[in-house]
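**Q** Listed below, chain by chain, are the residues.
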Amino acid sequence: MSYITFDQVSKVYGTGETAVRAADQVTFGIEQGELCVVLGPSGAGKTTVLNLLGGMDKATGGTIRVGDKTITGMRSPQLTDYRRLDVGFVFQFYNLMPNLTALENVELARQVSPKALEPADVLAQVGLAHRLNNFPAQLSGGEQQRVSIARALCKNPALLLCDEPTGALDSKTGAQVLELLTRVCKEYKTTVVIITHNASIAQMGNRIIRMRSGTVVENTVNDHPVKVEDIAW
Amino acid sequence: MVNTQRGRGALTRKLFRDMHRSAMQFVAIVLLCALGTWVFSGLEGTWRMLEVSAETYFAQANLADFWINLPGATKADVDNVRNQPGVLDVQSRYTAEFDTPDYGEDASLKVLAYADAARINVPLVRTGAALTQDDLRGILLDEEFAKAHGIRVGDTLKLRQNTLTRVFTVRALVLSAEQVITAKDVMPDPLAYGYAIVNKAALNGFPVNELIVTLQPGVDAAQAEARIQALLPQALIITQETHPVVQRMRSEVTMFRNMTYVFPVLAFAVAAMIVLTTLTRMIENQRSQIGTLKALGYGPNRIRTHYVNYAFVPSLGGALLGQLVGHYTLPDMLYAMEVNHFIIPERIRPPIAFTEWGMTALMVALSIFICLAAYRRAEKEEAAALLRPKPPKAGSRVLLERWKGFWGKLNFNTKMIVRGVARNKGRTAVAMVGLLCCNALIICAMGLQDSMQASVGDYYRGTVGYSLRADLDTDAGTLESYQNRVDAQAVEGVMETQVSLRYAGGSRAVLMSVLSDGQQLMRLGANNALIALPTDGIAISRKLSEVTGLATGDSVAIWLPGDDTGIPMTIRAVYPVNIGQTVYMGKAVWDGLRKGAFTPTGLLLESPTALAVHQLEQAREVAAFKDPEAQYTLTMSVLDSTTAVFSLMYAAALGLAFVICYNMGLINFTERTRDYATLKVLGYHQKEIRGLMMWENNIVTLIGAGLGIVPGILLTRVVLDAIGSESTVFIANVTFVTILTATAITSVFSVLIEWMITRKVRTLDMVEALKSVE
Chain S
1 MSYITFDQVS
11 KVYGTGETAV
21 RAADQVTFGI
31 EQGELCVVLG
41 PSGAGKTTVL
51 NLLGGMDKAT
61 GGTIRVGDKT
71 ITGMRSPQLT
81 DYRRLDVGFV
91 FQFYNLMPNL
101 TALENVELAR
111 QVSPKALEPA
121 DVLAQVGLAH
131 RLNNFPAQLS
141 GGEQQRVSIA
151 RALCKNPALL
161 LCDEPTGALD
171 SKTGAQVLEL
181 LTRVCKEYKT
191 TVVIITHNAS
201 IAQMGNRIIR
211 MRSGTVVENT
221 VNDHPVKVED
231 IAW
Chain X
234 MVNTQRGRGA
244 LTRKLFRDMH
254 RSAMQFVAIV
264 LLCALGTWVF
274 SGLEGTWRML
284 EVSAETYFAQ
294 ANLADFWINL
304 PGATKADVDN
314 VRNQPGVLDV
324 QSRYTAEFDT
334 PDYGEDASLK
344 VLAYADAARI
354 NVPLVRTGAA
364 LTQDDLRGIL
374 LDEEFAKAHG
384 IRVGDTLKLR
394 QNTLTRVFTV
404 RALVLSAEQV
414 ITAKDVMPDP
424 LAYGYAIVNK
434 AALNGFPVNE
444 LIVTLQPGVD
454 AAQAEARIQA
464 LLPQALIITQ
474 ETHPVVQRMR
484 SEVTMFRNMT
494 YVFPVLAFAV
504 AAMIVLTTLT
514 RMIENQRSQI
524 GTLKALGYGP
534 NRIRTHYVNY
544 AFVPSLGGAL
554 LGQLVGHYTL
564 PDMLYAMEVN
574 HFIIPERIRP
584 PIAFTEWGMT
594 ALMVALSIFI
604 CLAAYRRAEK
614 EEAAALLRPK
624 PPKAGSRVLL
634 ERWKGFWGKL
644 NFNTKMIVRG
654 VARNKGRTAV
664 AMVGLLCCNA
674 LIICAMGLQD
684 SMQASVGDYY
694 RGTVGYSLRA
704 DLDTDAGTLE
714 SYQNRVDAQA
724 VEGVMETQVS
734 LRYAGGSRAV
744 LMSVLSDGQQ
754 LMRLGANNAL
764 IALPTDGIAI
774 SRKLSEVTGL
784 ATGDSVAIWL
794 PGDDTGIPMT
804 IRAVYPVNIG
814 QTVYMGKAVW
824 DGLRKGAFTP
834 TGLLLESPTA
844 LAVHQLEQAR
854 EVAAFKDPEA
864 QYTLTMSVLD
874 STTAVFSLMY
884 AAALGLAFVI
894 CYNMGLINFT
904 ERTRDYATLK
914 VLGYHQKEIR
924 GLMMWENNIV
934 TLIGAGLGIV
944 PGILLTRVVL
954 DAIGSESTVF
964 IANVTFVTIL
974 TATAITSVFS
984 VLIEWMITRK
994 VRTLDMVEAL
1004 KSVE
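Those sequence lines, one after another, are chains S and X.
For the first sequence, counting from 1, position 227 maps to 227 in this note's numbering; every step adds exactly one.
For the second sequence, counting from 1, position 328 maps to 561 in this note's numbering; every step adds exactly one.
If you're looking for bench data, these hints aren't it; they were derived computationally from the structure.
Bear in mind that the values here come from a model prediction, so they are computed numbers and not experimental data.
Don't take every hint at face value.
To be verified - Simulated pairs of lysine to any residue, SDA-like, Cα-Cα distance not exceeding 25 Å: (1) Lys1004/X / Leu139/S; (2) Lys648/X / Leu620/X; (3) Lys433/X / Ala309/X; (4) Lys1004/X / Val20/S; (5) Lys642/X / Ile932/X; (6) Lys993/X / Ser76/S; (7) Lys417/X / Asn295/X; (8) Lys186/S / Ser213/S; (9) Lys1004/X / Arg210/S; (10) Lys820/X / Pro861/X; (11) Lys115/S / Lys642/X; (12) Lys993/X / Gly142/S; (13) Lys920/X / Ile932/X; (14) Lys920/X / Ser171/S; (15) Lys417/X / Asp708/X; (16) Lys1004/X / Lys115/S; (17) Lys920/X / Arg210/S; (18) Lys1004/X / Val226/S; (19) Lys115/S / His918/X; (20) Lys859/X / Thr842/X; (21) Lys189/S / Ala175/S; (22) Lys58/S / Val112/S; (23) Lys1004/X / Ser171/S; (24) Lys993/X / Gly73/S; (25) Lys115/S / Ile922/X; (26) Lys626/X / Leu139/S.
Make a model of the complete structure from these sequences and hints.
**A** This is the structure we're talking about:
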């Protein structure tokens, strides 16, 4: 059985005639330590899948399993513990606390995680040892995204979920961020799921899941992932 | 090209849908505007209702301008006064107190015996018929006294003065404007005291002792008084300003009027401030929509008008609602409390005053101005810039971080909260000022009550050192005779008489208290210390000094009733006595004047035995007993209507606190939804996020409420200065317990409301909250 299993997972917003099926009988599996890219156009249901996987949203039907945990059916406090202990999030727009420095933003994660890593070390790992005491507004987009990754990594999660992590970045900075995520996946043995609409990025993943209209149209294992520096943007 | 009609309809629909979507904030604006005008209109309406009801009553009764106390006045005196320039009418009468033995030994009536048909101070007949000129057996009786004793028209009433007794038949039950409050001392007690009107001819043998005078319209009363005083130097002239009843009625009106312009204005200012914050946020949140309208080609006037309606509609609705509810509810409630003491036949509702409309207009104008100011910032930007979302405010270090040792000791959450508070300075400041004002208002409301209790208590429990006072009639014996026969720890006497105090720039009818020189039962010094009375002059009370401007060293003249000349005196001291406009004189000084023997009008008794009290009760010359503790209770009960206003202040302050805390809390939550959602995503439990929110709120509350303490004390002083009556000095006395209680109320209130708001974390949708772009 895969580390991550989506079995006939649905997410329906609204009821009756106005019901929207954001995820429709989604089924796939992801192995531990894989870097999986979920690819699809806008409205394909990628973010819905990521939110369900991250315990940020509840499925309407089906089963989601991560390791030995069944996410579907968990109550809110259990979902919070799941997010706290097992999942790290990286968002397109970083979602950093503007009134906290880079170091403090990472410390924010350490506050709730019993197995947290040292924030300054993690920031050094992402190349921000010299920016520890800067506020988000004093950092570039790429640097902010790296703080966001450091914050996610600080919790030492088994699963790193990234929602369009390069969506707000230029190609050069985007490549740096993807390089970092690849490194994280290898060095920390973290399962990384990246959501993107950028097909060229998909080549870097060990696994590529293509979605359209709320359904999985393809789930392929990529035995020869392309190096980030070789991706044509 | 935009179709104007369709555009207008769409914008109107947008306005109402926006209102629906931001219902809580619009409701907050409506409530704040309503609260701001409600208290103002309520108190404005109250004093106007009191004033118009009382003044109409006075006018209908043809209230006298002067009451001239002139024992043995002759017809020539009446004619001479009538011939003075400016005098419209004069009537003579005999005024004295009579016992009513059929209704208890303590019951008495002030009898007003008119020499001819009453044209001045005309009694209002409630039941029965007015007296005819030749009716020598008829009496018009105070309706309240009659009600208290079950006396009806047609019943007989026996009046007794010394050995003389007369029996009358009650022709009518009446109200008298000059007796709008009928109290021998502090509180009306219709069982013990009332008034009656008879024909002077029915009291044959009693001399005229009072002239009542009305002046022609527009005549300067002070000049007319001076002319009459010059004509009748021995007369004691009481004007409407110094008439104890009329003055008490009017000072009640003044007190309410002064309160209207102190407390509600503050409430109004706080409300306006919160409206400012709310509207500014609402307009800022419409930034991209303003950009869209601009991009669609809507002209600046159309867009501006649309957003002005954001302020105009709720502020007009709220301010009008507050004004109307305030004007039509509060005055009735407070008036009802007032007429427990004052008997006014008809309650007249004044029209809504210009000031009330003005306050409503000001609230609306202020809201529009705030809205326009907020809109102008967006108006200046290009459509493209407006369509780009505003970048979040950058974080920065706070001042506290300079003290590295202290900052280092703070835990992570506290540091985060401090930074958050500092980052949202404006919003935090408004919340703090709101809480500051609430706490100040509550401290003031409680402090006023403290101060009144303390000031009245200071007199009856401090200045007054006796445990019982026995009022004596004119046929009292010498002080020594009582000292010899009354068994008490101490027996002292006071001789009180109404005198005319004349000084450069005016004259005033005041009470003169002559006390034994070595007296121990009136502690007239600072901090209720015993103090020796001046041996070469007089002392005056603090209130008399305040109203006349007289001070130590000033020269005055004291005119005793019936004297042709005044007695020159020097003021040697101003005593810090809280109650009464009183002249204090030592017995030795009195004896030196050779104006008659010292005949006590009151016995001051310290710890009298039960037997002594019983003996005094049996003594014919003892008119009444006064227990200082009972006097204190009575005085405080008279102040009930004032304290009712303080309850109103509580209510308004708590109402303000609720709206402020809820509104600011809601704004805070809305603007930081993304932060809270991020924390939720990071795995913070609800109670941890709520804990952070509560902790932040507690810091703001503590600082805000703490900062409200000093303004609260100062406000108490300002209000006390504004409401001080003609006879009482209220000294600000805000106790530590009051400060603690008020601060606790404000804090608990704020914490409870924040607790309600933090419940929203439970339903905070992380996906929704993080969906929008930064």
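**Q** Against this structure, judge whether each hint is valid.
**A** Comparing the hints with the structure gives:
1. Lys1004/X / Leu139/S: 22 Å, holds
2. Lys648/X / Leu620/X: 34 Å, violated
3. Lys433/X / Ala309/X: 17 Å, holds
4. Lys1004/X / Val20/S: Status holds; Cα separation ~17 Å.
5. Lys642/X / Ile932/X: 17 Å, holds
6. Lys993/X / Ser76/S: 14 Å, holds
7. Lys417/X / Asn295/X: Given that 25 Å is the threshold and the Cα spacing comes to 23 Å, the pair holds.
8. Lys186/S / Ser213/S: This hinted pair is violated, its Cα atoms lying about 32 Å apart.
9. Lys1004/X / Arg210/S: 22 Å, holds
10. Lys820/X / Pro861/X: 23 Å, holds
11. Lys115/S / Lys642/X: Between Lys115/S and Lys642/X the Cα gap is close to 24 Å, so the pair holds against 25 Å.
12. Lys993/X / Gly142/S: Since the Cα atoms of Lys993/X and Gly142/S sit roughly 33 Å apart, the hinted pair is violated (cutoff 25 Å).
13. Lys920/X / Ile932/X: 18 Å, holds
14. Lys920/X / Ser171/S: 41 Å, violated
15. Lys417/X / Asp708/X: 19 Å, holds
16. Lys1004/X / Lys115/S: Given pair Lys1004/X, Lys115/S is violated - Cα atoms ~29 Å apart, limit 25 Å.
17. Lys920/X / Arg210/S: 39 Å, violated
18. Lys1004/X / Val226/S: With Cα atoms ~31 Å apart, Lys1004/X and Val226/S exceed 25 Å; violated.
19. Lys115/S / His918/X: Status holds; Cα separation ~17 Å.
20. Lys859/X / Thr842/X: Between Lys859/X and Thr842/X the Cα gap is close to 15 Å, so the pair holds against 25 Å.
21. Lys189/S / Ala175/S: 20 Å, holds
22. Lys58/S / Val112/S: 22 Å, holds
23. Lys1004/X / Ser171/S: Holds, because 23 Å separates the two Cα atoms, which is no more than 25 Å.
24. Lys993/X / Gly73/S: 23 Å, holds
25. Lys115/S / Ile922/X: Given pair Lys115/S, Ile922/X holds - Cα atoms ~20 Å apart, limit 25 Å.
26. Lys626/X / Leu139/S: 14 Å, holds
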